[in-house]
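Protein chains: 2
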Amino acid sequence: MTTLTRLLPQTPKANAGPLAPTTGVTTLPAIDGVRLSATMAGVRYANRLDVMLAEICTGASIAGVFTKSSTRSAPVLMCQDHLAKFDGSTGPAAILVNSGNSNAFTGKNGFDSTRTLAERTAAALGCAPDHVFPASTGVIGEPLPHERITAKLDELVTNLRPDAGADAAAAIMTTDTYVKGAFTTLDLGAPVTISGFAKGSGMIAPDMATMLVYMFTDAAIAQPVLQQIVSELNIRTFNAITVDGDTSTSDSLVMAATGRAAMDRIDSRDDPRAEQFAVALGEIMRDLAHQVVRDGEGATKFVAINVTGAASDSSAHTIGLSIANSPLVKTAIAGEDPNWGRIVMAVGKSGEPADRDALSIRFGHVLVAENGWVSPSYKEADGAALMKEQDIEINVDLGIGGGQATVWTCDLTHGYITINADYRS
Amino acid sequence: MTTLTRLLPQTPKANAGPLAPTTGVTTLPAIDGVRLSATMAGVRYANRLDVMLAEICTGASIAGVFTKSSTRSAPVLMCQDHLAKFDGSTGPAAILVNSGNSNAFTGKNGFDSTRTLAERTAAALGCAPDHVFPASTGVIGEPLPHERITAKLDELVTNLRPDAGADAAAAIMTTDTYVKGAFTTLDLGAPVTISGFAKGSGMIAPDMATMLVYMFTDAAIAQPVLQQIVSELNIRTFNAITVDGDTSTSDSLVMAATGRAAMDRIDSRDDPRAEQFAVALGEIMRDLAHQVVRDGEGATKFVAINVTGAASDSSAHTIGLSIANSPLVKTAIAGEDPNWGRIVMAVGKSGEPADRDALSIRFGHVLVAENGWVSPSYKEADGAALMKEQDIEINVDLGIGGGQATVWTCDLTHGYITINADYRS
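Residue numbers (the UniProt record's numbering), protein chains in the order written: chain A, 1 to 425; chain B, 1 to 425.
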């Protein structure tokens, strides 16, 4: 039983995709020890929230995972540096995020802009500059007009409040058509809340899948344990989604645990409460990952690809992504065509161990192919009917081992081309 | 100076893409020792050439390269088996190709169909069954109606003639919008001709890039030398093109050298004539590869990506393919948007060594980015003007080593979605 609740936009955008969440609430709960604010700084566009600030209390644990791109942005490099030496006991921390400009591939000036933002944020908030975790998302390769952001820092600090999560979630959006947030509560001896929000819809692929994810909890959990749980869950959530196989230079996930809940701190992954926490956090991360895929550029179908019977979990993951990233599979799904031949092709091109005659494919519960060819029981009408659903499940069993993985993606439509063939100019 | 001449269709198809060749001839030259024929067998569609037969004289050398897919089709498996033990001195050989049905993932029945076709072809032609090189291209996963082909074998054999290359090239097409052929002549002591044709437009990616390629020459060249040259050239031609990153289960390249030219046989790769032959053959293979990309499903732009300064040639190749396969790069090109930030992204996600600050990017001769950010001399109008051309050159220098490679691709357009979202149903 899950208590997970989704965030809904206060005013839905006119271009929201057909897969946008329909049930939820319009606010995120306060997390003791975290205050948020958002503002319109006009980084690229006027009259929209485009900068968010989070203040995290002294004593928090912070964990993170970041893009593995070799051309990652200045803010990502700074976050990795700051996280490696972070000690929450020495004072408060901050997260500063702008949308509209990714400050990626902006040379030495880009680094200078990020350093200036960190220093000015630290000064305005009263924290150490190396306790600031910055992020920038938007167009690549254009100088970040950081003075538009620094001009708003005092206002951002003044407006910090515990319940501004929905505004913060809105401020980090770029081509997203809806805000993405979720929260849950659990009992770890004391009541604990986990809340998170994310942005991303194009340039989504492992590793890391999501562009930006921020999560907060009042649970008390030691930093190494928090990092271990976040890293474990990331593999099966944000690293298991793909929209177009492209990987951002800015992908960042940062999670803060304030420790304000009335509980003894979790100091070991073997503490039974660590697993309880991981289960609840996993639900949040998986749901946010799904929300990102459902907002995939031009998406009209949400596709879960379950791979079983592979040589290893890692092999299953690679095969799942090969299917999920295949333009021919994705366009077939867009066309509601149960073209399982393209799935066979994608298994074959993955480079992973496969035995044609041991392979079986199911659309949902419908057995399509087995023993190296189409199943005698398969009727095209059954497959075609399933493909008309909005949520599609493709089950591939390799029949050669015990490895398994699930990967999520969306279809590839004219909408994707329209959005991306004229995004910048 | 090249003597390369392209094949043009006798009657251009109404849906031929904007990048179709415009200069050439409508026939392929006869190759002494090779006879061809084509017929309408109605494998999938009526009233179109869909089966071709080639007869190759006793004493020929045959080389081949094939898809590395782990779910490759029955004909591919048979070709690999037959090629491994081929000895042309023991008798003539045959190539039998049908379009309309790929006989891939068709189980034991598929193997039986391929075996029947090989045996019946051998009987009709008077060659050994293991001298038959079959191929099937078209829809995956449907039983091949091989009796429609065997019913035409006597007719195919009766109609064999040296100058039927253009019909053979037409018979192997599927979604292709134009026939793809090229030939050249060279002097290896005696005049020698090399002639080839190919098909492919979707499901094109390394390895192997092209679905089907057949090449013939009257040169006398020992089989191991021919195989070595074909394999070398394949890396830089058919394995260096990509339309959508998807790899066919049927990709096959077969080349026959009849040895009928009045020359001493080339028995070593170190024979200077071997290099002469390789240069000429390389031109044919590169041109056929380019013709495949130019017929990429929905393509409106032909894109050459030159990667230099990489850690190794192989690293340069991987980076080139990462750029060429990026949906965000391909849609930007479709939109004539000089969005070099997406190229930086694609370099970064390749997993290959790169140093952001050593990287430079040029569109044609226009320097766009260097030293980790946009070049001070770059004007967006210059980049935008180049992107309006039909042929686009992207030059990426990694600045860290001597590795280089060139990769060719096309843009990703609404046309690709339209073709692939409703190909089968």
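Hints may contain errors.
Now the in silico label distances, taken between C-beta atoms and shown as ranges [as the list claims (entries may be wrong)]:
| hint | chain 1 | residue 1 | chain 2 | residue 2 | range |
| --- | --- | --- | --- | --- | --- |
| 1 | A | Ser268 | B | Gln80 | 52 to 60 Å |
| 2 | A | Ala358 | B | Pro376 | 54 to 62 Å |
| 3 | B | Pro376 | A | Arg115 | 35 to 43 Å |
| 4 | B | Ala16 | A | Leu367 | 51 to 59 Å |
| 5 | A | Leu77 | B | Ser312 | 55 to 63 Å |
| 6 | A | Lys68 | B | Asp357 | 16 to 24 Å |
Selected chain A positions facing chain B (in silico; Cβ < 10 Å) [unchecked claim]:
| hint | residue |
| --- | --- |
| 7 | Arg72 |
| 8 | Thr106 |
| 9 | Thr249 |
| 10 | Asn339 |
| 11 | Lys349 |
Bear in mind the hints are in silico, worked out from the structure with no lab data behind them.
Note that beta-carbon positions come from the ideal geometry of N, C-alpha and C, so glycine has one too.
| request: With a cut-off of 10 Å on the beta carbons, see whether Arg72 (chain A) makes it to chain B. | output: Interface hint status for Arg72 (chain A): holds (7 Å vs cutoff 10 Å).
| Hint check: 10 Å Cβ-Cβ cutoff, Thr106 (chain A) to chain B | Holds - the Cβ of Thr106 (chain A) comes within 10 Å of chain B, reaching about 5 Å at its closest.
| Restraint check, 10 Å cut-off on beta carbons, for Asn339 (chain A) near chain B | holds, 5 Å
| field | Evaluation of the interface hint that places Thr249 (chain A) against chain B, nearest CB under 10 Å | value | Holds: closest Cβ of chain B sits about 6 Å from Thr249 (chain A), inside 10 Å.
| query | Lying within 55 to 63 Å: is that true of the beta-carbon distance Leu77 (chain A) to Ser312 (chain B)? | reply | Taking Cβ atoms as reference, Leu77 (chain A) and Ser312 (chain B) lie about 26 Å apart, which means the hint is violated.
| said: Range first: 54 to 62 Å. Now tell me if the beta carbons of Ala358 (chain A) and Pro376 (chain B) are that far apart. | reply: Check passed, 59 Å falls within 54 to 62 Å.
| query | At the C-beta level, are Pro376 (chain B) and Arg115 (chain A) separated by a distance inside 35 to 43 Å? | reply | About 22 Å separates the Cβ atoms of Pro376 (chain B) and Arg115 (chain A), which means 35 to 43 Å is violated.
| query | Do the beta carbons of Ala16 (chain B) and Leu367 (chain A) sit within 51 to 59 Å of each other? | reply | violated, 41 Å
| Range hint 16 to 24 Å (beta carbons of Lys68 (chain A) and Asp357 (chain B)) holds or violated | holds, 18 Å
| task | Just tell me: holds or violated, for the beta carbon distance of Ser268 (chain A) and Gln80 (chain B) against 52 to 60 Å? | result | Given range 52 to 60 Å: holds, Cβ gap about 54 Å.
| When the nearest CB of chain B is found for Lys349 (chain A), is that gap smaller than 10 Å? | holds, 4 Å
In summary, the structure is inconsistent with hints 3, 4 and 5 from the numbered list given earlier, while agreeing with the others.
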